[in-house]
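Read off the chains here:
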Amino acid sequence: MIPLWAEVVIAALSLSGALFTLIGSWGLVKLGDFSKRLHGPTKATTLGVGCVLLASMLWFSLTGIPSLHELLITVFLFVTAPVSAHLMIKAAMKLDGSLKLPPPPQ
Amino acid sequence: MSLLPVVLPIVVGLLALSLALAAWRLLRGPSGPDRVLALDTLYINALALLVALGVWLNTGLYFEAALLIGLLGFVGTVCVATFLLRGRIVP
Chain L
-1 MIPLWAEVVI AALSLSGALF TLIGSWGLVK LGDFSKRLHG PTKATTLGVG CVLLASMLWF
59 SLTGIPSLHE LLITVFLFVT APVSAHLMIK AAMKLDGSLK LPPPPQ
Chain R
-1 MSLLPVVLPI VVGLLALSLA LAAWRLLRGP SGPDRVLALD TLYINALALL VALGVWLNTG
59 LYFEAALLIG LLGFVGTVCV ATFLLRGRIV P
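So the protein lines, in turn, are chains L and R. Position 8 of the first sequence, counting from 1, maps to 6 under this note's numbering, and the rest follow consecutively. Position 44 of the second sequence, counting from 1, maps to 42 under this note's numbering, and the rest follow consecutively.
Hints were generated in silico from the structure; no laboratory data involved. No residue lacks a Cβ here, since even glycine has one placed at the ideal position from N, Cα and C. Careful: at least some of the hints might be erroneous.
[Stated by the list, open to error] So the derived label-pair ranges between C-beta atoms look like this:
1. R/G11 <-> L/L99: 20 to 26 Å
2. R/G58 <-> L/G30: 39 to 45 Å
3. R/P3 <-> L/S59: 17 to 23 Å
Just chain L, same shape as in the assembly (with noise of 0.2 Å):
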């Protein structure tokens, strides 16, 4: 049995968090470039991650022995999701030719 106000948490966190997991795939179907395709995954979906994550960590510490150790995906996903989307758009810049950098401000 949990205090209502963490129930209250927890649902909002959870929500919030599949909605912002929705947005992000919804604009992986939607937008038109491979270098706008990849904004909505790497961020929305990240964040929206982190939220369910947190969710999941504050049900976990109320119902039974207190714990952190959602915190270590959350981390990890964190760090990765940068290093991968970095990958990915160099693929992408080497197979199509006309995608390039914008030129330095002058």
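Assemble chain R onto chain L, guided by the hints.
Same frame as chain L, now just chain R:
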């Protein structure tokens, strides 16, 4: 004690819908990096779905599976992106 049993099926449904959207891009995607990006999104969505399912069913069993998916999914994304970039995996 009646909020979470209503909200968590909605959360799992939304995450399954986003999983389906990522799978659509995986099947459709015109170029190779699109499919790699769709696979990346797919494993992150599956991870979130497993975590939400673990809260819904009140079991800590799914945490290990989510951790493994997170670790191995990153390795897979790096391998396929490096293969697209250089033509071989080991530099």
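Here's how the hints hold up against the structure:
no.	hint	in the structure
1	R/G11 <-> L/L99: 20 to 26 Å	violated (40 Å)
2	R/G58 <-> L/G30: 39 to 45 Å	holds (42 Å)
3	R/P3 <-> L/S59: 17 to 23 Å	holds (19 Å)
In summary, the one numbered hint that this structure violates is 1.
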